[in-house]
Amino acid sequence: MEESKNFTVSVYTENNIGLLNRISAIFLKRHINIESMTVSKSEIEHVHRFTFVVEVPETLIRKVVGQLEKQIEVIRAFYHTEDEIIYHETALFKIASTHLYDERIQDKLKFRRAHIIAITDRYFVIEASGLKEDINKMYDKLKPFGLLQFVRSGRIAITRPKMAISELFEEIN
Amino acid sequence: METLKKEIQEKNTIKTIRVKGAEAVIKCLLEEGVDLAYGYPGGAIMPIYDELYKYKDELHHVLTRHEQGATHAAQGFARVTGKPGIVFATSGPGATNLVTGIADAQIDSSPMVCITGQVGSHLLGSDAFQETDIIGISTPVTKWNYQITKASEIPEVIAKAFYIAKSGRPGPVLIDITKDAQFEEFDFSYKKCEKIRSYIAIPKLDVAKVKEAAELINSAKKPFIVFGQGVIIGGAENEFKSFIEKTDIPSACTGLGLSALETEHPLHVGMVGMHGNYAPNVLTNSCDVLIAIGMRFDDRVTGNLATYAKQAKVIHFDIDPAEIDKNVKTAIAVLGDVKETLAEIMQFVDKNEHKEWMKEFDKLLEIEKKTVINDQLNPTKEGLTMGEVMGGINKETKGDAVIVSDVGQHQMFAWRYAKFNKTRSNVTSGGLGTMGFALPAAIGAKMGAPEREVVAIIGDGGFQMTIQELGTILQTKAAVKIVVLNNSFLGMVRQWQELFFDRRYASTVMTNPDFVKIAEGYGIEANKVEKREDLADAIKTMIASKESYFLEVMIEQEDNVFPMIPTGASVSDIRLS
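Protein chains in written order, with the working numbering: chain A, 1 to 173; chain B, 174 to 750.
If you are wondering where the hints come from, they were derived from the structure by calculation, not from laboratory data.
Ideal Cβ positions, reconstructed from N, Cα and C, are used throughout, including at glycine.
One thing to keep in mind: the hints can contain errors.
Covered stretches of chain A (in silico footprint by chain B; criterion: 3 or more residues with CB under 8 Å from a CB of chain B, positions within the stretch not fixed) [to be verified]:
(1) 15 to 28
(2) 61 to 67
(3) 117 to 125
Chain A with its partners taken away, still in its complex shape (with noise of 0.2 Å):
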């Protein structure tokens, strides 16, 4: 059995209603689970870029990035593996008050890239962004304060390699 790994897919799709059904569909028959998905612009005018993680095997997602790529209007999809990317996360932590001077919560914020959103007389909130590994470590510090809500966002990845979709955009255009 072909060892399941972390990949990021990133797909460039037109912006019509319904093609995240018919993305989300692909993964569906196969039978796999989407760890995180987001959606925004691209770099490319008018053109949608989603980004899922999944943790399949390499062969698996070769084919499932075929089978995106066959839908109408999916320009093109691409995968890569953690080491091919630069990828950012953010969570969102919710703290009661009674915890905002206790010490070991400032200690915590000293990670690089956390730091308090918002205070209220009832509760604070901890914004922390980085890798995966960083917001689970966050997550685990933060949890025996009793977190009252806690959110994450999907991954958004650049690729290190260069990804030809400008180029070949221009030549379908």
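Let chain A serve as the given structure and place chain B on it in line with the hints.
Okay, now just chain B, sitting in the frame of chain A:
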């Protein structure tokens, strides 16, 4: 006055006319050359049906008895003509009833344009009467789909729908049109779609790959071709024949590849797959180069992938890049339209001979004849068999008929024994295996090729899944010949129960009605055969009939389909009994 003149002139150059959305739909179809559609009316599509009434002289609408029947009829039409089949249905249940037929067209790459009515746009998402999210439901089984909420979108979307359905690897598309968009007036003009920037219909031909493939083919000692429906869809029958004749390579078809090459061609070595022929299955695991042309290595073709053609270098010709390495790892992929790639490779392949290799196929064919074929075509047991019925049909049609098969044992006998002289003669539900496909598909096939004999081969199970379409035959007088092979069993499941479930016949016994009476009730001349001596005459009478005809043949209950590759087994472990 001058300005008015100018205005009129401008209007004339753009050529727009003010019409309702519903009328625009019909105008778009006419622009696309459509003159026949299948469907079933209902509340949310009434404005379109009202226009169909007005345009009935230009666009003939066939009322099927169920929306599923409309999809299969449209697919039957598409298979024999190569043109997209057109389907209309209303919202809600009308639309959901299309799903099976759309899924069938998707997996078998048949072009189809389905137009569904939808509740008014102000009601979308409110669980209105007969509202279903058909876009969401049909997404995984359509090549493309789109919901129109404004009349002005109609021309562009329908043009796109036709382009997508027909181009590249064809498939079904669905356009859902809200009722208000059907009523809304707008300035109509039509322009056919020629490209979509995010869609590459046909991958660019790579001459280097073609050359590489040719070199491998030239050096092969035991080359073997498996061809599929891609040859038919690409209209590449002639190119294919020239290619195999020059290279002298034994060629076997997939189920859907049947009729792309005439059955009697000396290089046609039969059919691969679960119930295919002995030689091509066994020798898949002996060839040194396997050339797959317009086929997709379905699991029913390959058996166990871990032991499939492992000794061979695989060359895969296909139009769909997603099919490359999906199931079988290729050495060389030749992407593109097979009509072009096969024409291109001709200049690089050597004229060759593979007599010794061909003898291996002949030897194994002899074994299959002795152990299986002779007995299936000329049985000595008392009961009638499906094989001899197919043999009898061949005798009368001489291989010129369109054979429409349903799903099950009879389908396998039809695939194994039907003789085909012409392309686009095998209409069947391959990938999806949709019971109930054949009766409505035969109606569509007959309308698509009215000059040809169309014979539907159906089991007693599948027949009852869409039996209501006898009503469509009654109303349209479609002269299809219907053969029901009745063994009072769901035969294929029964066979598996016999072989793999210790003969526990769970829910496969059928208590059937008097089919002859039913057919007669629909005004169709009907006959029933129970004895061997009556079979030949009965088939003769049926084929001689100028109108629709129903023939029921009572079949030996424990008639099994062999050879057979059991699930999970290797192609070379095909069982002869």
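Given as covered by chain B, does the segment 15 to 28 of chain A meet the bar of three residues or more with CB within less than 8 Å?
holds (count 6)
Are at least 3 residues of the segment 117 to 125 of chain A within less than 8 Å of chain B when you compare beta carbons?
violated (count 0)
Counting residues of the segment 61 to 67 of chain A with a beta carbon closer than 8 Å to any beta carbon of chain B, are there 3 or more?
Per the Cβ count (4), the hint holds.
When the structure is compared with the earlier hints, a violation turns up for hint 3 alone.
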